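Student: Put chain Y on the given structure of chain A with help from the hints.
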Amino acid sequence: DQQVKQNSPSLSVQEGRISILNCDYTNSMFDYFLWYKKYPAEGPTFLISISSIKDKNEDGRFTVFLNKSAKHLSLHIVPSQPGDSAVYFCAANGWNTGNQFYFGTGTSLTVIP
Amino acid sequence: DTAVSQTPKYLVTQMGNDKSIKCEQNLGHDTMYWYKQDSKKFLKIMFSYNNKELIINETVPNRFSPKSPDKAHLNLHINSLELGDSAVYFCASSQLQGSNEQFFGPGTRLTVL
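Just so you know, the protein sequences line up as chains A and Y, in that order.
Mapping to the working numbering: the first sequence position 106 is 86, numbers consecutive.
So the working numbering is basically just the index in the second sequence, starting at one, shifted up by 36.
Bound conformation, chain A alone (with noise of 0.2 Å):
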């Protein structure tokens, strides 16, 4: 039962032009939503969060934006960079989880120069 999904496994953008990263979810109870940036051999960091009573949340290059309705939430990096090639995961928790956070399967940025 994977309640937080990443349906694209891999995206490939060029150099200075926006990424977007989609994550879907299905669980109307999360509430609390993180993406992580993660390179070969290394464990996942965490990159940036958003609540669910805010709809955007921005970090300098990096934008989240939650739509609770449509249970979707994206990642914008602008403009990518060579050095953002990485797989990136969406993870998800809510009150009657616990601090229990689920996973999407990820998804891997190719930033070509």
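No wet-lab data here; the hints were simulated from the structure.
A hint or two may mislead.
The calculated SDA-like cross-link candidates involving lysine to any residue, where the alpha carbons are at most 20 Å apart (straight line), are [said to hold, decoys possible]:
1. A:34 <-> Y:136
2. Y:76 <-> A:34
3. Y:80 <-> A:34
4. Y:76 <-> A:-10
5. Y:80 <-> A:37
6. Y:45 <-> A:22
For clarity, every value in this text was computed on a predicted model and none was experimentally measured.
Tutor: Frame of chain A, contents of chain Y only:
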């Protein structure tokens, strides 16, 4: 000065053996976790410990047992290893109160032959 460390990084072993993976965090966090990332890249939580109490125990085989000698350590013991146990195992930690951000270790790639 690694925040969350795991040993070993790679583990190759025969079916039927018993093995352990160690995890240590120096962040002073209250909660530690073990995740399994299988061949489909699905990152799924296995266990979490809060102040030496197991608070999440997903439906993993009882061949897997977490051991927490103190708040900074959560080791994973696996008995009677099976081929299907081959995966990357990530340890993580978080502060239960406050930030929901989880800090991950670099992962341990387990290969069962």
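Student: Now, for every hint given, state plainly whether the structure supports it.
Tutor: Quick rundown of the hints versus the structure:
1. A:34 <-> Y:136: Roughly 16 Å separates the two Cα atoms, so the pair holds.
2. Y:76 <-> A:34: violated, 32 Å
3. Y:80 <-> A:34: violated, 27 Å
4. Y:76 <-> A:-10: holds, 13 Å
5. Y:80 <-> A:37: violated, 26 Å
6. Y:45 <-> A:22: holds, 10 Å
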